[in-house]
Amino acid sequence: MIETAPIWLTLKLAFLTTIILLFVSIPLAWWLSRSKSIFKTIAQVMVSLPLVLPPTVIGFYLLLAFSPANSFGKFLEHYFDIRLAFSFGGLLIGSVIYSLPFMVHPVLSGLSSLPASLEEASYSLGKTKIQTLFKVLLPNIKPSLLTGIALAFAHTIGEFGVVLMIGGNIPGRTNLASIAVYDEVEALNYYNANIYAAILVAISVIILFLLYFSNRKLQEVKIL
Amino acid sequence: MIHFSLQKKLHAAEGFLTLDVNCEIEEGDFISLYGPSGAGKTSLLRMLAGLMQPDSGFIKMNDEIWFDSEKKIKVNPQQRLVGFVFQDYALFPNMNVEENISYASSKNDSKKNIDELLEITGLSGLRDKKIQTLSGGQQQRVALARAIAREPKLLLLDEPLSAIDNEMRAQLQNTLLTIHSQYNVTSIIVSHNINEIIKLTSKTIHIKNGQLVEYQSPAKIFCNKSEDSSALKCIFLFSEKTGNDYHISVLTGNQVITVNCSEEEAKDLRNGDEIEVSFKGAKVFLRKL
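Residue numbers (our numbering), protein chains in the order written: chain A, 45 to 268; chain B, 474 to 762.
FYI, nobody ran anything at the bench for these hints, they're computed from the structure. Heads up, the beta-carbon is just placed ideally off N, CA and C, and yes, glycines get one too. Certain hints may be false.
Stated by the list, open to error - Cβ-Cβ distance ranges computed for the label pairs, FRET-style:
#	chain 1	residue 1	chain 2	residue 2	range
1	A	M90	B	Q605	34 to 42 Å
2	B	D536	A	S153	40 to 48 Å
3	A	R127	B	E543	34 to 42 Å
4	B	L685	A	L95	49 to 57 Å
5	A	P183	B	L650	29 to 37 Å
Chain A extracted, bound-state conformation (with noise of 0.2 Å):
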């Protein structure tokens, strides 16, 4: 039989990184939607990036940076006595940067799909941007914010490249389900990498599943 550390380590890194993702994206794509500064071209490069580079060169380079060998990983564990690589943190990380623009692109189309009027509506009427923020904006792109938190959770339990490189697989820790499936592949245990394999697979299909019921939902709404 197989273990359920691995699904339950996935959804945990899963989770986490998508209330991370709300956190540093809502902000990141609202600041995107408006400003004309040049840093907005280099902040849309980066946050492209992970689209379209193989997961295991950012791995890479994030296992490089991590490492205490390097100064940011030297710096960490000699001031906060924190060591990324091969560690759940560093996987968490190398997540929040991979899935990204998942969370980014949605909500950014979402804000840039509102008339600018409404923002302005808003302030017209005595509202600070936090309330314009709270009150109008994210009520109207609620189906933007239910397709970003999909697709990051649903892209970080697929996520191979970057958590192999970063995490490797230490049991309990950082082995991954979709790790797992390689390892009892490797193995020649076809029947337990099966199981790791089609519990994903239905993960994601009821995630997506979801989604797309939700979403019509709120169409709905919308129309009547």
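Given the coordinates of chain A, assemble chain B onto it according to the supplied hints.
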């Protein structure tokens, strides 16, 4: 009283346009802003509301300074107490009619105010309705009620009635007049409709290419300045022959009128031609423009 002098270089369709308008408006006045498209009317309203930064100039609202480029004063739109009715209404789709209006008022004891506003704007029966289910005229009423709920010192209306049919337009004009007399708020409306300007406003700011051309009563601005004061500008529709007489039908404003003419006058006219029709005694004269 509001006194402003605003300058800004704007990107227009035909290149750059320098907006430069200096004007004083008495408290409680209802002013119209008239001029061709791209003259800078919307930009002027946006600068007054604080949604667009002028290059230089000042805005004085009674004793308060809202903007002064020399003293580096710039009051946020949040602090200006301006009611802005946007051309696209800018209603919040996630809220119903009542929530849109109450969003504007910060106090909890304003329930009575909101009921009163719903009553004046004829929205009492629609308070729980979603914005998407309303007609254009109803949405316009919500936008108006929301702007007033802010209890503004200055009400800015950016072509609020341009997308609404004539019958509803007349009703909304009456609502605007009621609101203006009840709340006595200084108001500026952008409009292309001369009828509307004369009906609603006491003075017109006429701007062209970013410059103030005239600032006086609309009746004076729009009185016929051609030599023949009875001449009507019309669009030719069609001609008909009955016996030896010719009749032509023309469109003037929203009305179609039929006048007699000679075969000679009617023969060169094509559907859509602009013509001038003038009356002297019982005679009718046509002139192709």
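Status of the hints after comparison with the structure:
no. : hint                         : result
1   : A:M90 to B:Q605: 34 to 42 Å  : 37 Å, holds
2   : B:D536 to A:S153: 40 to 48 Å : 46 Å, holds
3   : A:R127 to B:E543: 34 to 42 Å : 58 Å, violated
4   : B:L685 to A:L95: 49 to 57 Å  : 52 Å, holds
5   : A:P183 to B:L650: 29 to 37 Å : 35 Å, holds
The structure fails hint 3 only (numbered hints given earlier).
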